[in-house]
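Chemist: Single-letter residue listing:
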Amino acid sequence: MKEESPSPKRVGLFVTCLVDLFRPSVGFASVKLLEDAGCTVEVPMAQTCCGQPAYNSGDKNDAAAIARQTIEAFEEFDYVVAPSGSCAGMLKKHYPSLLKGTSFEARAEAFSGRVHELVSFLVDVLGVTSVPVSHDGSVTYHDSCSGLRELGIQKQPRQLLSSVDGLELKEMQNSDVCCGFGGTFCVKYPDISNKIVEEKTASIESAGAGTLLAGDLGCLMNMAGKLHRQGSKVEVRHVAEVLAGMTEKPAIGGGGR
Amino acid sequence: MEIQSPQFKHKARKAIADEQLQRAMGKAKIGFVGKRKKAVDALPEFDELRSSARAIKDHTLEHLDLYLEAYERKVIASGGRVHWAETAQDARQAVLDICRAAGARTVTKGKSMITEEIALNDFLEKEGVRPVETDLGEYIIQLRGEHPSHIIGPALHLNKEQVEEDFRRVHTELPPARDLSQPESLLGEARHILRPQYFQADVGITGANFLIAETGTSIIVTNEGNGDLTQTLPRIHIVVASIEKVVPTLEDASQILRVLARSATGQDMSVYTTFSTGPRRPDDPDGPDEYHVILLDNGRSSMLGTEFHEMLRCIRCGACMNHCPVYHAVGGHAYGWVYPGPMGSVLTPSLVGVDKAGHLPNASTFCGRCESVCPMQIPLPRMMRHWREREFERGLNPATQRFGLGFWAFFARRPKLYRLATSMAIPTLSGLAGRARWFRSLPFAGGWTRHRDLPAPESRTFMQQWRDREVGKQERGAA
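Chains as they are written, first to last, in the numbering used here: chain A, 1 to 257; chain B, 1 to 479.
Certain hints may be false.
Distance condition first, Cα-Cα at most 25 angstroms in a straight line; then the derived DMTMM-like pairs of lysine to aspartate or glutamate [what the hints assert, rightly or not]:
| no. | chain 1 | residue 1 | chain 2 | residue 2 |
| --- | --- | --- | --- | --- |
| 1 | A | 100 | B | 393 |
| 2 | A | 188 | B | 393 |
| 3 | B | 14 | A | 198 |
| 4 | A | 93 | B | 468 |
| 5 | A | 32 | B | 468 |
| 6 | B | 416 | A | 198 |
| 7 | B | 11 | B | 116 |
| 8 | A | 93 | B | 47 |
| 9 | A | 60 | B | 47 |
| 10 | A | 188 | B | 116 |
In short, the hints are calculated from the structure, not lab data.
Predicted model, so just to flag it, every value in this text is computed and none were measured.
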């Protein structure tokens, strides 16, 4: 961790490919949260994806090339922040092991120490304890796997959500069980993925909340896509949208039905 | 057992459509997860115990040759015999030779995954020796001609109505009007049928949860007491165990026992923890006349020192599969060989080859729940990824997958080209969705849209919008 400096913290935003392509709102919500917390935010144009599709498919060469490219693009920042536990986990936990024994090893280690997932960065590093926004309605929160088990993200989003005026958190059963997304898993094994997400949407529906939140767009698109196919009225958003008070835009897929 | 893992996808689909199976799995997952959590929550030092259990196994594997030789010396000193078996065939033959020498017609068996691994029952039957499974779950699946679907609950895939049907079909000598509606009545009937078998058997075969190097003792952990009867009543006791079961001392075994049952069934300890050391001594009240240990390698020694080394810490508690969303969805049989769930997805390719078991390490979301509950802290997702790397290196993935990945990587490694391509494709895709904002189907996205809708991209990419914002800022600054 860097020493506290009087000048504003320079954050490089790792947008993540899904947010870049499918839901830029999450990126702008992340920028707002970071700026409100006193950071200056920059977005290096040399970023693409964290490399998980290659890494988790056994393609180490492409994954390592993408890792080196990402490290080079973000090395100059005090912090690297991503609105995704999965991508942040890749940058923080897996780049060092991927680049171990190469000339990038030391750089990957140093880089790893500066990488954070958005919500845990706000709470654990910047000491944010509340957000000055309101949300009229009930939400339920899904703990995405990598964020939960690789980075220990569980209390932080709930802490900030509890400070949102008018918001009621209705916990679902088994919020810590996988939604069945798993990156390329969901298209390689669609039937198994479907069986798992069906269990998840059943838990979501029983929670009885109007909105489903999580910190990873991949999981959110999976759950939203299933909920929509099932005709559910539950709206789906990234947790950053609610925390930034930016829910004026339609929910994922343009709102419930 | 013949490997059916190449048919994983097909078997998984069938399993998902099987209502009986889904009903059984639904009950099982709630039970195991809740019980483990209760046991672990009640023991504040559980995580420290995990670390120390892991350290014991790590140390043992570091010096596996020394501990195995020490163990062998102690077994011999206590009057037993050790048979080293490099392959499954060697192990089967060693069992058969002992049975033949004793003129054995019937063998009773305690629950043992290693004898499943070497497909012992089929072999013995072909050679004219009748194996009788005495663990209730194993007995049930033997009646059905099935294999275990779970390493500690072999009949986990069944509901009690199915068992009742099997008992009525096979136990025709019993009154047809008897009540078999309760689990207890089923257990009572199995016990009644099995009891005389122990006395008829010439040989009793068990596995081992631990082999103790300092004493030459083998330990089995059971809940039904059938293991004890299997190993004490017949004239000959054969222990079939794989080489990684050895630990240095009794103290080490008792440390690991503290995490084993808690992780498996949520019990503090299993009902029986049975120690056997050598054959019956002159002043012992009971016990076998001969005590044999068959030590199976079957590919394990070639895992030592590789990226799969840590898999050899596994103590077969089943916690990984009990917490696995994929296992819950498809059950154990879909995996197509002896070991299902996350531990099977790592071990099966090691033992039978990744060319045959390639689906298994791929069929994981990498949710990491298995590793988080593994009492031996085995990095199961990491090792599944290593298998994917081996497959990729050998070009074993399907061509379409490799092409798709290569296409994507080409752009992902060229940020400027990637920007250009996505800034054209995304607004187009967004426009295609029209007012619905959802795709119900899309070319090349069938895997996704078969079961769920795809939300359309909002509009332009974040990067496009961000660049506009930055340019706007600069212009405002310049004005």
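Chemist: Evaluate each hint against the coordinates.
Modeler: Verification of the supplied hints:
1. Simply put, residue 100(A) and residue 393(B) have alpha-carbon atoms about 19 angstroms apart, close enough for the 25 angstroms limit, and the pair holds.
2. Distance restraint check for residue 188(A) and residue 393(B): the Cα-Cα separation of roughly 19 angstroms lies within the 25 angstroms cut-off, and the hinted pair is therefore satisfied.
3. Between residue 14(B) and residue 198(A) the alpha-carbon distance is near 17 angstroms, which keeps this suggested pair within the 25 angstroms criterion.
4. A threshold of 25 angstroms between alpha carbons decides the hint, and for residue 93(A) with residue 468(B) the separation of about 33 angstroms lies outside it, so the pair is violated.
5. In summary, the hint linking residue 32(A) to residue 468(B) is supported, as the alpha carbons are separated by about 17 angstroms, within the 25 angstroms threshold.
6. For the given pair, residue 416(B) sits about 39 angstroms from residue 198(A) by alpha-carbon distance, which is inconsistent with the 25 angstroms threshold.
7. Under the criterion of a C-alpha separation no larger than 25 angstroms, the hint pairing residue 11(B) with residue 116(B) is consistent with the structure, at around 20 angstroms.
8. Only pairs whose Cα atoms come within 25 angstroms are accepted, and residue 93(A) paired with residue 47(B) is accepted, the gap being roughly 21 angstroms.
9. Annotation: proposed proximity of residue 60(A) to residue 47(B) is violated, straight-line Cα distance about 32 angstroms (limit 25 angstroms).
10. About 30 angstroms separates the Cα atoms of residue 188(A) and residue 116(B), which puts this hinted pair outside 25 angstroms; it is violated.
In summary, the numbered hints that this structure violates are 4, 6, 9 and 10.
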